[in-house]
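Each chain is listed here by its residues.
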Amino acid sequence: MSSTATASSGFSLFRFAAPHVFYPLAGRMVPWFAAAAAVLAVAGLYVGFFVAPTDFQQGESYRIIFIHVPSAWMAMFLYVVMAFWAGVGLAFNTRLSAMMASAIAPTGALMAFIALWTGALWGRPTWGAYWVWDARLTSTLILLFLYLGFIALHAAIDDPRRADKAAAVLALVGVVNVPIIYFSVQWWNTLHQGASIKPGGTTMAAPMLAGMLLMVFAFWMYAIAAVLVRVRAILLERERRAAWVQELVRG
Amino acid sequence: MQWGSVESFFHMGGYAWYVWGSYGLTAVVLIAEIVSLRARRRRAIEEAARAARAAKGSPS
Chain L
1 MSSTATASSG FSLFRFAAPH VFYPLAGRMV PWFAAAAAVL AVAGLYVGFF VAPTDFQQGE
61 SYRIIFIHVP SAWMAMFLYV VMAFWAGVGL AFNTRLSAMM ASAIAPTGAL MAFIALWTGA
121 LWGRPTWGAY WVWDARLTST LILLFLYLGF IALHAAIDDP RRADKAAAVL ALVGVVNVPI
181 IYFSVQWWNT LHQGASIKPG GTTMAAPMLA GMLLMVFAFW MYAIAAVLVR VRAILLERER
241 RAAWVQELVR G
Chain H
252 MQWGSVESFF HMGGYAWYVW GSYGLTAVVL IAEIVSLRAR RRRAIEEAAR AARAAKGSPS
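Protein sequences appear in the order of chains L and H. Note that our numbering gives residue 24 to position 24 of the first sequence, counting from 1, and the numbers run on in steps of one. Note that our numbering gives residue 299 to position 48 of the second sequence, counting from 1, and the numbers run on in steps of one.
Extracted from the complex, chain L is given alone in its bound form (with noise of 0.2 Å):
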């Protein structure tokens, strides 16, 4: 008798992998997402440029945290996430994983490539560069390297399978990246700032953290809403031929 509700209990959870299941449920959840990131933008930005006060040392110029660090925490986030999937995709053999790996990549690489543009124009004037090969920012660009590598690896390969298996190898050995992007400012004795939220406190004024904060929902927010639009999209690509994909597109 248990044995029969543990498979019926992991027979729903697992209905969720299955592409026809996931495709109509993520469009029904993308629009709640992008909501919900132009709200909290709107509101971050305006707690940014009209309530956080001007920087007493970094004047205005500082302004440019509200997207610096939530493009460069997304970056690291959303490749820990594609890592995972995967790695889940490696391991299982699950289709649904390895595409979401897939979905994931080219918003996590835009992130990064936001975060290394931002933090050269806020780095000029307060460093006098653009860019320095310090430990921070040399990580940061092989975080982009990484991505943009993953999706390379991923079109070179016809067989779709065979591309997820290969992409996800080079995931997961890029893994080890992230940790050394967040602890560089600890390790190296770098230019770029140490953390300004850690375990225990920040060094922010109020208004400051507040305006970041939601800036940091609504990237994240955005970012969900970009991977599941981009997931349904290579679902429709890769099902093509599939019964449901059929029946969905006959009406």
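What the hints contain is simulated information worked out from the structure, not anything from laboratory work. Being a predicted model, the structure only gives us computed values, none of them experimental. Note that CB positions come from ideal geometry on N, CA and C, so glycine has one too. Please note that the accuracy of each hint is not assured.
Said to hold, decoys possible - Here are the computed distance ranges between Cβ atoms for each label pair:
| # | chain 1 | residue 1 | chain 2 | residue 2 | range |
| --- | --- | --- | --- | --- | --- |
| 1 | L | A205 | H | G265 | 20 to 28 Å |
| 2 | L | V51 | H | A306 | 54 to 62 Å |
| 3 | L | R28 | H | I285 | 42 to 50 Å |
| 4 | L | A38 | H | R304 | 22 to 30 Å |
| 5 | L | L25 | H | G265 | 48 to 56 Å |
| 6 | H | A290 | L | A17 | 21 to 29 Å |
Unchecked claim - Covered stretches of chain L, going by a simulated chain H footprint (3 or more residues, C-beta under 8 Å):
| # | segment |
| --- | --- |
| 7 | 64–76 |
| 8 | 107–116 |
| 9 | 120–132 |
Claimed, not checked - With the C-beta cut set under 7 Å, the calculated list includes, among others, these residues of chain H facing chain L:
| # | residue |
| --- | --- |
| 10 | G264 |
| 11 | L276 |
| 12 | V279 |
| 13 | E284 |
| 14 | R292 |
| 15 | A295 |
| 16 | A302 |
| 17 | A305 |
Got chain L; can you put chain H on it based on the hints?
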């Protein structure tokens, strides 16, 4: 309101290029992603519809 005027807001205390360069690029990147996602979705639906028509046409 800490800015006083619209000009001083856009001037950003002399950091206009750095601040607006950051926000401008971020906006461009995110809009580009949204546009390309829409195009990709539309293409995927068209491709699937083509495959559905082909399947219908072929004897099975």
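Cross-check of the supplied hints:
1. L/A205 / H/G265: 20 to 28 Å: 21 Å, holds
2. L/V51 / H/A306: 54 to 62 Å: Since L/V51 and H/A306 have Cβ atoms about 58 Å apart, the given range 54 to 62 Å holds.
3. L/R28 / H/I285: 42 to 50 Å: Cβ of L/R28 to Cβ of H/I285: about 19 Å, so the range 42 to 50 Å is violated.
4. L/A38 / H/R304: 22 to 30 Å: 37 Å, violated
5. L/L25 / H/G265: 48 to 56 Å: 50 Å, holds
6. H/A290 / L/A17: 21 to 29 Å: Taking Cβ atoms as reference, H/A290 and L/A17 lie about 28 Å apart, which means the hint holds.
7. 64–76: holds (count 4)
8. 107–116: Holds: 4 residues of the segment 107–116 of chain L have a Cβ under 8 Å from chain H.
9. 120–132: Since 4 is at least three, the answer is holds.
10. G264: Hint holds; H/G264 Cβ to chain L Cβ min 4 Å, cut 7 Å.
11. L276: 5 Å, holds
12. V279: Violated, because the Cβ-Cβ distance from H/V279 to chain L comes to roughly 10 Å (cut-off 7 Å).
13. E284: Because about 6 Å separates H/E284 from the closest Cβ in chain L, which is inside the 7 Å limit, the hint holds.
14. R292: 5 Å, holds
15. A295: Since the shortest Cβ distance to chain L is 4 Å, the answer is holds.
16. A302: Holds, because the Cβ-Cβ distance from H/A302 to chain L comes to roughly 5 Å (cut-off 7 Å).
17. A305: With Cβ-Cβ at 9 Å, over 7 Å, it is violated.
Of the numbered hints stated above, those contradicted by the structure are hints 3, 4, 12, 17, listed in ascending order.
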